[in-house]
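Participant: Work out the full structure: start from the sequences and follow the hints.
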Amino acid sequence: MTLEQLNAPQRQAVALEEGHALILAGAGSGKTKVLTTRIAWLISNQSVSPLSILAVTFTNKAAKEMQSRVAAMLPIDTRGMWIGTFHGLCHRMLRAHSRDAQLPQTFQILDSTDQLALIKRLLKANSIDQEKYPARDIQRFISSCKEQGQRPDAVAPEDPYSRRLVEIYALYEAQCQREGVVDFAELLLRALELLQRHEAVRSHYQQRFRHILVDEFQDTNSLQYQWLKLLAAGGARLFAVGDDDQSIYAFRGANVGNMTDFEHHYAAGNVIRLEQNYRSHGHILDAANALIAQNTGRLGKNLWTDAGQGEPVRVAQLPSDHAEAQWVLDEIRALRDEGLDHQQMAILYRSNAQSRVLEHALFTAGIAYRVYGGLRFFERQEIKHALAYLRIVHRIDEDSSFLRVVNFPARGIGARSIEALNDQASRNQTSLAQAVAHVAGKAGSALAQFVMLIQKTSQEVFVLPLSEAVDHVIEVSGLRTYYRTQRDGSERIENLDELVNAAKVFELEQDLAGLPCGQRPIASDPESGESMTPLEAFLSHAALESGDTQAQAGQDAIQLMTIHAAKGLEFDAVFLTGLEDGLFPHENSLYELGGLQEERRLMYVAMTRARKRLYLSLAQSRMLHGQTRYCLPSRFVDEVPEQHVKHLSQRAAVDDWLGAAAPARASGRSASGTQLSGNNGLVVGGQTFRVGQGVRHPRFGEGTILGLSGLGLDAQAQIHFLDVGTKTLALGVAKLEIIAA
DNA sequence: CGTACGCTTATTTTT
DNA sequence: TAAGCGTACG
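Remember, this note's numbering sits 338 above the position in the first sequence when you count from 1.
Calculated from the structure, these hints are not laboratory results. For glycine and all other residues, C-beta sits at the position ideal for the given N, C-alpha and C. Incorrect hints may have been included.
Cross-link-like lysine-lysine pairs, in silico, DSSO-like; alpha carbons within 27 Å at most [stated by the list, open to error]:
{"#": "1", "residue 1": "K567", "residue 2": "K399"}
{"#": "2", "residue 1": "K462", "residue 2": "K722"}
{"#": "3", "residue 1": "K402", "residue 2": "K722"}
{"#": "4", "residue 1": "K905", "residue 2": "K402"}
{"#": "5", "residue 1": "K399", "residue 2": "K371"}
{"#": "6", "residue 1": "K905", "residue 2": "K984"}
{"#": "7", "residue 1": "K905", "residue 2": "K371"}
{"#": "8", "residue 1": "K722", "residue 2": "K399"}
{"#": "9", "residue 1": "K371", "residue 2": "K639"}
{"#": "10", "residue 1": "K950", "residue 2": "K371"}
{"#": "11", "residue 1": "K639", "residue 2": "K567"}
{"#": "12", "residue 1": "K984", "residue 2": "K639"}
{"#": "13", "residue 1": "K794", "residue 2": "K722"}
{"#": "14", "residue 1": "K402", "residue 2": "K371"}
{"#": "15", "residue 1": "K639", "residue 2": "K905"}
{"#": "16", "residue 1": "K842", "residue 2": "K722"}
{"#": "17", "residue 1": "K402", "residue 2": "K567"}
{"#": "18", "residue 1": "K950", "residue 2": "K905"}
{"#": "19", "residue 1": "K950", "residue 2": "K399"}
{"#": "20", "residue 1": "K371", "residue 2": "K567"}
Using C-beta positions, here's what the derived DEER-type ranges look like [unchecked claim]:
{"#": "21", "residue 1": "G1039", "residue 2": "A706", "range": "48 to 58 Å"}
{"#": "22", "residue 1": "R474", "residue 2": "L713", "range": "13 to 23 Å"}
{"#": "23", "residue 1": "A691", "residue 2": "D497", "range": "29 to 39 Å"}
{"#": "24", "residue 1": "A353", "residue 2": "A706", "range": "44 to 54 Å"}
{"#": "25", "residue 1": "L846", "residue 2": "S764", "range": "39 to 49 Å"}
{"#": "26", "residue 1": "G932", "residue 2": "Q343", "range": "35 to 45 Å"}
{"#": "27", "residue 1": "L1060", "residue 2": "S541", "range": "54 to 64 Å"}
{"#": "28", "residue 1": "A463", "residue 2": "D849", "range": "35 to 45 Å"}
{"#": "29", "residue 1": "S465", "residue 2": "A631", "range": "51 to 61 Å"}
{"#": "30", "residue 1": "E930", "residue 2": "G712", "range": "20 to 30 Å"}
{"#": "31", "residue 1": "A353", "residue 2": "R489", "range": "35 to 45 Å"}
Facilitator: As structure tokens, this is what we get:
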């Protein structure tokens, strides 16, 4: 194993001989290369057994990439190695020790949609007011409790409302346990508790894993961090790679504080900074550095490149969202003429809703594009139905799946029957399927027939190989017939066929060829005794790996995505659109603790995606929630130093806009010396309102104008009041007093 | 039992 | 604007 192709800090990180380490890996600094090379180096140069390495990531994509890059470097079979996502690895542990984890051997995984459905069902069954306790809020509450390691009995409710939440949480847990299902957060919490409570299991893994490598450490939540710490408590060495400046997932529980904590308690003296950037040209990098320097409490890092300054960052201001899209289109054509592939261009935006206008422009111009995000394969309705059948065929007591398909396709089992069944089940604390026998109804009832169909199918299917089993279930469930009769069903049929195909691929990948899908094989991991039937393995796979978003055709397509989705990717040219105050930074973020700084990190992530060209664009007016809104430039635009910027003048267009709409007068210059809109004043009744102004309302008190929209009689302002939150007021009606510029 | 209409609401998202 | 949800109707 030679480390010649690495730079000095990379080499130092890869070949670190002792202790824990924190690798601060800037954007484009070769983070994955360091991680994979270290694994290879440990095995080939330090004679570390592949079995004693644990490498953990957040996404399946990252795990796969790591797996294959390690495999390419080493002449050994890497498949037995523990490289995977937090959820995947915890799942693996729980399968191997299901008894100790107090889970049925047949437990299944709920994705967040399933979880939400279960909660709704629970609320209904317990006659809980869904207005007062919305299922979404309950879901968020339960997840965040679990992410902090808290079971219902550990939560100290402070008021009647949260006391009720905790009660619902407890009901939810009981229901999951009854059904033998675990949600995503539960996978992590159970795995942690398994290690905490079972000495033998704990010491087994503590002794087995000598090297624990963590990718994207800044995205870990406290539960994940606890799990890592416990695993490493037996002397394993933690190797954490991350970038605090790219922490953009606080809203889903990620805790950047884990990095500081890790630095203090584990990696003191072993902090290595990877600051050489191999991606972006100088202007782009310096611009990003200057922007992120405005944040406080950073671990500190300054990216540099020897690639030369390259092109300055282009900033353009357009009169409307449509004009912005049109401008992007023009620039795309120009770049294409310069020889760039469409594939190497990305249009980024803060929120998904912004893609519509851009898509429209691209579509009209006949330019191929691909939008990231949206429905994924395993989330499609027909796929979820098929999987639900497979799940109850495997284990009929799983109520969630039972309910999903008991009357789909319709077989005359209505709300009435279901209600009776629910009552019966909760009276006797049984599953719905078990309750069928007791519910008032004859043996030949539709419900009884359904249960018989499932039981019969179970027997038929368990002796078949996986893919044939999947095919058979799709057939006898009536799904295939149903979708054949539907107008829009042909695509769904194709997806169902694709599911059979996915099962076939799974068989090949997992060496399951010829194995009956219901037969528990010899443990695949003899050390831990893990063993799943092919069907169980496939169902888990489907729950943990939601699959790609459907790829639009066209190889050379422009890439459209949110900034979040762009993390980890890179493009020759990046268009960062919608740089308007209130949109980016998003107005909601301003009321969250540390919200603005997180938005700035998001901006940093976005800028550092670009290799050669970076464009920042903003619209002076934008259609938002069905209303035209007038916008000020994002403060982030001003945070990019002038020396790295080239302003693309759109004077004529701006004047047109002023002339045509004339809701306001141009005035003011921005800090950067550019003529920015600054003309956001909206004159109503002699008063000039501007975004950012302080106002007083006789009833709501003091507030700040967040946005202005409409003209004349339709003029409205979104105002955030200190006491009552954000309101939209008609400026012609509301008696507002301007108290500050 | 399925559809049609009206109401509400509106970041970011992986597992 | 437009999607998602719940109720009312055929």
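Participant: Evaluate each hint against the coordinates.
Facilitator: Structure-based check of each hint:
no. : hint                     : verdict
1   : K567 / K399              : holds, 24 Å
2   : K462 / K722              : holds, 22 Å
3   : K402 / K722              : holds, 24 Å
4   : K905 / K402              : holds, 17 Å
5   : K399 / K371              : holds, 15 Å
6   : K905 / K984              : holds, 25 Å
7   : K905 / K371              : holds, 17 Å
8   : K722 / K399              : holds, 22 Å
9   : K371 / K639              : holds, 19 Å
10  : K950 / K371              : holds, 22 Å
11  : K639 / K567              : holds, 26 Å
12  : K984 / K639              : holds, 26 Å
13  : K794 / K722              : holds, 21 Å
14  : K402 / K371              : holds, 14 Å
15  : K639 / K905              : holds, 18 Å
16  : K842 / K722              : holds, 18 Å
17  : K402 / K567              : holds, 24 Å
18  : K950 / K905              : holds, 17 Å
19  : K950 / K399              : holds, 25 Å
20  : K371 / K567              : holds, 24 Å
21  : G1039 / A706: 48 to 58 Å : holds, 52 Å
22  : R474 / L713: 13 to 23 Å  : holds, 19 Å
23  : A691 / D497: 29 to 39 Å  : holds, 35 Å
24  : A353 / A706: 44 to 54 Å  : holds, 45 Å
25  : L846 / S764: 39 to 49 Å  : holds, 43 Å
26  : G932 / Q343: 35 to 45 Å  : holds, 38 Å
27  : L1060 / S541: 54 to 64 Å : holds, 55 Å
28  : A463 / D849: 35 to 45 Å  : holds, 43 Å
29  : S465 / A631: 51 to 61 Å  : holds, 55 Å
30  : E930 / G712: 20 to 30 Å  : holds, 26 Å
31  : A353 / R489: 35 to 45 Å  : holds, 43 Å
Consistency with the previously given hints is maintained throughout, with no hint failing.
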